[in-house]
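Work out the full structure: start from the sequences and follow the hints.
Taken in order, these protein sequences are the chains called A and B. Sequential numbering of the first sequence, starting at 82, is according to my numbering. Sequential numbering of the second sequence, starting at 82, is according to my numbering.
The hints are simulated quantities; they were obtained by calculation from the structure and are not laboratory data. Here a beta-carbon is modelled for each residue, glycine too, at the ideal position from N, C-alpha and C. Please note: incorrect hints may appear among the correct ones.
Claimed, not checked - With a cut-off of at most 30 Å between alpha-carbon atoms, the simulated BS3-like pairs for lysine-lysine come out as follows:
#: 1; chain 1: A; residue 1: 359; chain 2: B; residue 2: 473
#: 2; chain 1: B; residue 1: 86; chain 2: A; residue 2: 296
#: 3; chain 1: B; residue 1: 404; chain 2: A; residue 2: 150
#: 4; chain 1: A; residue 1: 404; chain 2: A; residue 2: 180
#: 5; chain 1: B; residue 1: 86; chain 2: A; residue 2: 301
#: 6; chain 1: A; residue 1: 108; chain 2: B; residue 2: 150
#: 7; chain 1: B; residue 1: 323; chain 2: B; residue 2: 473
#: 8; chain 1: A; residue 1: 180; chain 2: B; residue 2: 404
As the list claims (entries may be wrong) - In silico contact screen, one side only, chain B against chain A (beta carbon under 7 Å); selected entries:
#: 9; residue: 131
#: 10; residue: 135
#: 11; residue: 144
#: 12; residue: 166
#: 13; residue: 206
#: 14; residue: 346
#: 15; residue: 375
#: 16; residue: 392
#: 17; residue: 394
Protein chains: 2
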Amino acid sequence: MLPEKTLAWGLSRSCIRELAEYGAGRKKEIGAENVFDFSLGNPSVPSPAVVDQSILDLIRDNIANEEAKASGKAAPAEGFGGSIHGYTTAAGIMSLRQKIADDLNSRFGLNINPGLIYVTCGAAASLTISLKAVLLPDDEVITVAPFFPEYRVFTEGQGGRLVVVPAADDFMIDLDAFAAALTDKTRAVIINSPNNPSGAVLSEACVKGMTDLLKAHEAKTGRTIYLISDEPYREIVYDGVKNPCLLNYYDDAIMCYSFSKSLSVPGERIGYIAVSDKMTDAANVYASIMGAGRCLGYVNPPALFQRVIERSIGQTADITEYKTNRDLLCAGLKELGYEYVEPQGAFYLFVKALEPDAKAFSDRAKAHELLLVPSDDFGCTGYVRLSYCIDKHVIERSMPAFKALMEEYRA
Amino acid sequence: MLPEKTLAWGLSRSCIRELAEYGAGRKKEIGAENVFDFSLGNPSVPSPAVVDQSILDLIRDNIANEEAKASGKAAPAEGFGGSIHGYTTAAGIMSLRQKIADDLNSRFGLNINPGLIYVTCGAAASLTISLKAVLLPDDEVITVAPFFPEYRVFTEGQGGRLVVVPAADDFMIDLDAFAAALTDKTRAVIINSPNNPSGAVLSEACVKGMTDLLKAHEAKTGRTIYLISDEPYREIVYDGVKNPCLLNYYDDAIMCYSFSKSLSVPGERIGYIAVSDKMTDAANVYASIMGAGRCLGYVNPPALFQRVIERSIGQTADITEYKTNRDLLCAGLKELGYEYVEPQGAFYLFVKALEPDAKAFSDRAKAHELLLVPSDDFGCTGYVRLSYCIDKHVIERSMPAFKALMEEYRA
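Next up, the structure:
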């Protein structure tokens, strides 16, 4: 008698988490140094110093403020309460939203005001709130495979239907397949560039091709299609590759961002939604986002971390480590004969499995203590995902295992 | 073309927030000391020292750990990442869930294990996740008026229909009206004791009467009805009144808690769901809660605050101030001839308006700089809600204004 889907989503484990938990157990059994865990996308570099320093400063100030208040000397603080732990406005404190808008405008030539910024509890919240805000029952949401598996859960959880378009071999969008997927029920498209799990960064030509198709389809059907740009890996790009800001190519666009990866704070759940100022119906879409956040139970983003982010805007963790890891991993695997498209962003390498069944390949890799996520949940077959946001020594030490695995298949 | 409800919920302001924002503007105009703001339920007493001290300790430890790691000396930390800001398991770290379970078991004689505790981003998340986990389309959710207005938004947001049963004159449950509201579509009941806005604490007789009705209805229809106990004010009760724990009276019960009020941290968004261990289908309901949290975008509760709560369990802010305020406010208003039922918990006083139209009364009160929330959004007419989680001097200084308002109506 329980809702079928929520029950299924609760009972079925994410294959990523399942592998990570298998790995945690295995590390206890045989020692962490003997397990080569490429399962989780958990940032391995520490947060920049500004994060913890801001927390210390803010808490010391709060203690001083409370002491002053107790002795009748308090100055009125921002927000609805005197304490830093009090409620804030639902969309986030205005000074933070202003800083986010300024940052986006200066970096991407946008013209967004803080009234179009809605601070959230991370990228997942940004996505569910955006979907809830725009989807009518049975609306279709297109995404391109390989894709982050939770897109299906988020879409179906808000009453939509996920339509999956396979990517081209180089993980750019297959524009013919994309065009064929557009219907009179299409309401939104979720694009993730840099991509989890492929590490691909969409080229400008690819973005233009896709947005031209969307514009033509909007014109033909008279139906608004929202382009939801999920970009938690925005800052993690390599080799000076250009990462086009989708809001500059399409007006009905909603940016979903998270500070999880850029500031290495994924557990703290903080990000934002930015609605394009060029969207015709921007004010109503923003209002619907407010309503969606409200009905999903998001009262306000975490109060302390709003102030921490305000002080950290524009900074990142030392993401150069990820480039070192990428180069190390690619060079090692290439020499062993593994096939992949070199990732231009994020911290994932999508490697061709050595047999068609990715799950079977992942299981055989496990016997070598290599934890590689099979691609099936990402919406395509025959690959494994390697998260290289890990200690580079793990990558170095893993090479004999990768070699043995390759030899096993060649034997 | 946007979803009607999310748009409406985004455009319509909560009358509480609207009044609070009017008040903020008015304070700037005429000085904070001249506005008597009873609008918001934002805890006025500071968090207990353990909250800020724990943050300082945890962050200093984190800095030390990161430094040790950088020099190759790190010990493996709990959770999926080495940093305190990393992802945690979706349901919250096990040591926190164990402490919550221990606390509940020792205080209420329950027998809950940590596998039935799901840590959330506050009470609103506890409620939306619980509703999403159990509601099928068009299921009915009963609540008793006056009620927290967001219950309607949370219920409809998860596809249910809110059925409102008016309370008895003393704000206990009118059992005849309650019985009449039970149908073959009833799936859940939301009970809030101590109550926002009435401050009423349900008596044991009242709880027994209600749960007997629910059990009989379950037996008659063969349909499970979930009793959702929304208890963020649990610790705030006066005069030694007994506050029955609903899980001891009904097996299909789900407790929704928030640390917002007891620890004065409403902006930080942290609370939990506890599923009764006596529920026949507890494991599946818990799984459905996991699935609901997942599809609503709650990846994990805020990581730092999970550890803060772990160190703060069992403590509260100095809630005796609220009793002082209640006594001061009740005595003052009683002398002036205002009518109310003395609240036994929470920090709200529900006062009869001096005319049938609560909104008109609230507007006339505004002219005396008294900010009182009209009762209509709480599901009943003819009352105003006064939040007395404010500086007691505001209460003292407000009495001449209450006097003038009363005289205006008597004139």
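Here is how each hint holds up against the structure:
Restraint check for residue 359/A and residue 473/B: not satisfied, since their Cα atoms lie roughly 49 Å apart, outside the 30 Å limit. Proximity of residue 86/B to residue 296/A is assessed by CA-CA distance (about 27 Å); at most 30 Å being required, the pair is judged to hold. With a CA separation close to 20 Å, the supplied pair residue 404/B and residue 150/A stays within the 30 Å bound. Of the supplied pair hints, the one linking residue 404/A and residue 180/A holds, its CA atoms being roughly 28 Å apart against a limit of 30 Å.
As the CA atoms of residue 86/B and residue 301/A are separated by approximately 27 Å, the hinted pair is consistent with the 30 Å bound. The suggested pairing of residue 108/A with residue 150/B holds, with an alpha-carbon distance near 18 Å, which does not exceed 30 Å. A threshold of 30 Å between alpha carbons decides the hint, and for residue 323/B with residue 473/B the separation of about 26 Å falls inside it, so the pair holds. For the hint pairing residue 180/A with residue 404/B, the CA-to-CA distance comes to about 41 Å; that exceeds 30 Å, so the pair is violated.
Hint status for residue 131/B relative to chain A: violated, with the closest Cβ pair at about 12 Å, above 7 Å. This hint is violated: residue 135/B has a C-beta 10 Å from the nearest C-beta of chain A, more than the 7 Å allowed. For the restraint placing residue 144/B at the interface with chain A, the shortest Cβ-Cβ distance is roughly 5 Å, inside the 7 Å limit, so the hint holds. For the restraint placing residue 166/B at the interface with chain A, the shortest Cβ-Cβ distance is roughly 4 Å, inside the 7 Å limit, so the hint holds.
Hint on residue 206/B holds. Least Cβ distance to chain A is approximately 4 Å, under the 7 Å limit. Checking residue 346/B against chain A: minimum C-beta separation of about 4 Å stays under 7 Å; hint holds. Contact between residue 375/B and chain A, as hinted, is supported at the beta carbon level, the nearest pair being about 5 Å apart and thus within 7 Å. Interface hint status for residue 392/B: violated, as the beta-carbon distance to the closest one in chain A is roughly 14 Å, over 7 Å.
Residue-level restraint check for residue 394/B is violated (minimum Cβ-Cβ distance to chain A is 17 Å; threshold 7 Å).
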